[in-house]
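**Student:** First to last, the sequence lines map onto chains S and C. Anchor point for the first sequence: position 33 equals 33 in our numbering, and the numbering is continuous, going up by one each time. Anchor point for the second sequence: position 187 equals 187 in our numbering, and the numbering is continuous, going up by one each time.
In short, the hints are calculated from the structure, not lab data. Values in this document were obtained by computation on a predicted structure and should not be read as measured data. Every residue, glycine too, gets a C-beta built ideally from N, C-alpha and C. Among these hints, one or two may not hold up.
[Said to hold, decoys possible] Some chain S residues well away from chain C (every beta-carbon gap over 10 Å; in silico):
hint	residue
1	Thr33
2	Cys47
3	Asp58
4	Gly73
5	Ala83
6	Glu140
7	Arg149
8	Val192
[Unchecked claim] 25 Å max Cα-Cα, derived SDA-like pairs, lysine to any residue:
hint	chain 1	residue 1	chain 2	residue 2
9	S	Lys236	C	Glu102
10	C	Lys115	C	Asn10
11	S	Lys236	C	Ile242
[Unchecked claim] Not the full set, but computed from the structure, chain S residues with beta-carbon under 8 Å of chain C:
hint	residue
12	Thr92
13	Pro125
14	Ile163
15	Ala172
16	Glu185
17	Met193
18	Leu206
19	Pro209
20	Thr214
21	Ala217
22	His220
23	Val222
24	Glu235
25	Ile239
Number of protein chains: 2
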Amino acid sequence: MKAVMIGAGNVATNLVRALATAGVEVVQVYSRTLPHARELAATVGACASDSLDGVVRDADIYIISVSDDAIAGVVEAVPDNGAVWVHTSGSTSVTVFAGRRERYGVFYPMQSFSKQIAADFADVPFFIEAESEATAVMVEGLARQLSRRVFRATSDQRRRLHIAAVFACNFANHMWTLAGDVLGEAGLPFDVMLPLISTTVDKLKLLPPAESQTGPAVRHDVNVMHSHIAMLDEEKAAIYKILSDSIIKRHEQN
Amino acid sequence: MKAVMIGAGNVATNLVRALATAGVEVVQVYSRTLPHARELAATVGACASDSLDGVVRDADIYIISVSDDAIAGVVEAVPDNGAVWVHTSGSTSVTVFAGRRERYGVFYPMQSFSKQIAADFADVPFFIEAESEATAVMVEGLARQLSRRVFRATSDQRRRLHIAAVFACNFANHMWTLAGDVLGEAGLPFDVMLPLISTTVDKLKLLPPAESQTGPAVRHDVNVMHSHIAMLDEEKAAIYKILSDSIIKRHEQN
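Bound-form chain S, shown alone (with noise of 0.2 Å):
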């Protein structure tokens, strides 16, 4: 199978070793920075463009992984070939290539990527969405190529992962900066935290993160709650109140 990569940065970059370690052929990668789709096409042997006229036409998928704004130009500027296009954003429709391709699909590998480290994809979940089952079959079966973790998912449903993925990744990480700032206060560092949040953590593979849940609000612990409340800033202490309230809600209904 022959692949061309539209994009050379975080996830085009991981997506290019990984697919030509399965056995995949890059061969081309195009970026509109010369440089780096040369320094990305270097690492498989495939040729480099920074000219949407210069893509071959001969591959069997291309795989647009650009940023979100910059997938419908991608789409527009190159014509029709007849092969699978894809990208492999969260959060834009498959409906971006609707009318521009024949076929075409989401290829959605949800994970953090960066260049300088080398993302092991087994158990990277790909999220896999086709204008047609042929084209969904054809996706998945690249898709297994790379992971275990391989699911068909509409849109829909990638808009609720990536909603999903702002609680547990975004929201939690804010989490971790209220408590430095709390820590700060109390002159002690960050990073004393650190092996709590790693058993918290650890416990998320062996039981639902709601069974688990400990501390004061799951406790209903009122004096707990009302002495924190009253040391922290206002910011602190409304953010405080919600989740208290939304803990104690959800474990009165279990």
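Following the hints, put chain C in place on chain S, whose structure we already have.
**Tutor:** Quick look at chain C alone, frame taken from chain S:
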């Protein structure tokens, strides 16, 4: 050094094991439930007691590792013997000993312990407080036999540590519960999120959390935030808003 452990719960069980391994002679384990005292005492060849009157008088240090609301009762029930008395609680003030002991302090290992899994204490942060510098040095020395990370912390600092742990662990865990709800509505299992959560946590070891914050709020991506809020129930929408606002505010300041 001879130690007596008052308590046979999760913290006591892990401490007794670790102290014995470090060469401290644990001479007695007390629990109000005799089989619990016997079970733990047997692991290190100590004697067991279910009577506070039966606690031996000639140890060098007495470690009270019972529930927070039982600490004062233990202190009152046993007369002072001039040895060092400490408790292991993150949220009880050192003043619980005031007027009832000459030499006393706090010996708080900040980790979530379970009887089933033997904790590795090497990286567990210990927080030490005492009535005098001499006692602090003695208790600190004991902690250093178990861990590389020993801090002095006042009772006020320990209260702030506890608040930080509520944010970093209890609230982060609740974010995962809410993410699981959203995934469940999309028909997807929670564990699709584990690789992304692991990556987010791994970054904490490299960068302060504020510096690795990602997501629509830190990008000021108002369209994505509005579309997410529109898909959430009232409770999750309110949490999404307050946390996004907090992220925006935080990153404007920086």
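**Student:** Does each hint fit the structure? Answer for all of them.
**Tutor:** Status of each hint after checking the structure:
1. Thr33: Answer for threonine 33 of chain S: holds, closest chain C Cβ roughly 21 Å.
2. Cys47: Holds, because the least Cβ-Cβ distance between cysteine 47 of chain S and chain C comes to about 32 Å, which exceeds 10 Å.
3. Asp58: holds (35 Å)
4. Gly73: Fine: 18 Å to the nearest Cβ keeps glycine 73 of chain S off the interface.
5. Ala83: It holds; alanine 83 of chain S is separated from chain C by about 29 Å at its closest Cβ, greater than 10 Å.
6. Glu140: holds (16 Å)
7. Arg149: violated (7 Å)
8. Val192: violated (4 Å)
9. S/Lys236 to C/Glu102: Given that 25 Å is the threshold and the Cα spacing comes to 39 Å, the pair is violated.
10. C/Lys115 to C/Asn10: Status holds; Cα separation ~5 Å.
11. S/Lys236 to C/Ile242: holds (10 Å)
12. Thr92: With a closest approach of 11 Å, the threonine 92 of chain S hint is violated.
13. Pro125: holds (4 Å)
14. Ile163: This interface hint holds because 5 Å falls under the 8 Å limit.
15. Ala172: holds (4 Å)
16. Glu185: Holds. Min distance 6 Å.
17. Met193: Holds - the Cβ of methionine 193 of chain S comes within 8 Å of chain C, reaching about 5 Å at its closest.
18. Leu206: violated (10 Å)
19. Pro209: Given a least distance of 4 Å, the restraint on proline 209 of chain S holds.
20. Thr214: holds (6 Å)
21. Ala217: holds (7 Å)
22. His220: violated (13 Å)
23. Val222: violated (14 Å)
24. Glu235: holds (6 Å)
25. Ile239: holds (6 Å)
Hint compliance for this structure: hints 7, 8, 9, 12, 18, 22 and 23 are not met, and every other hint is.
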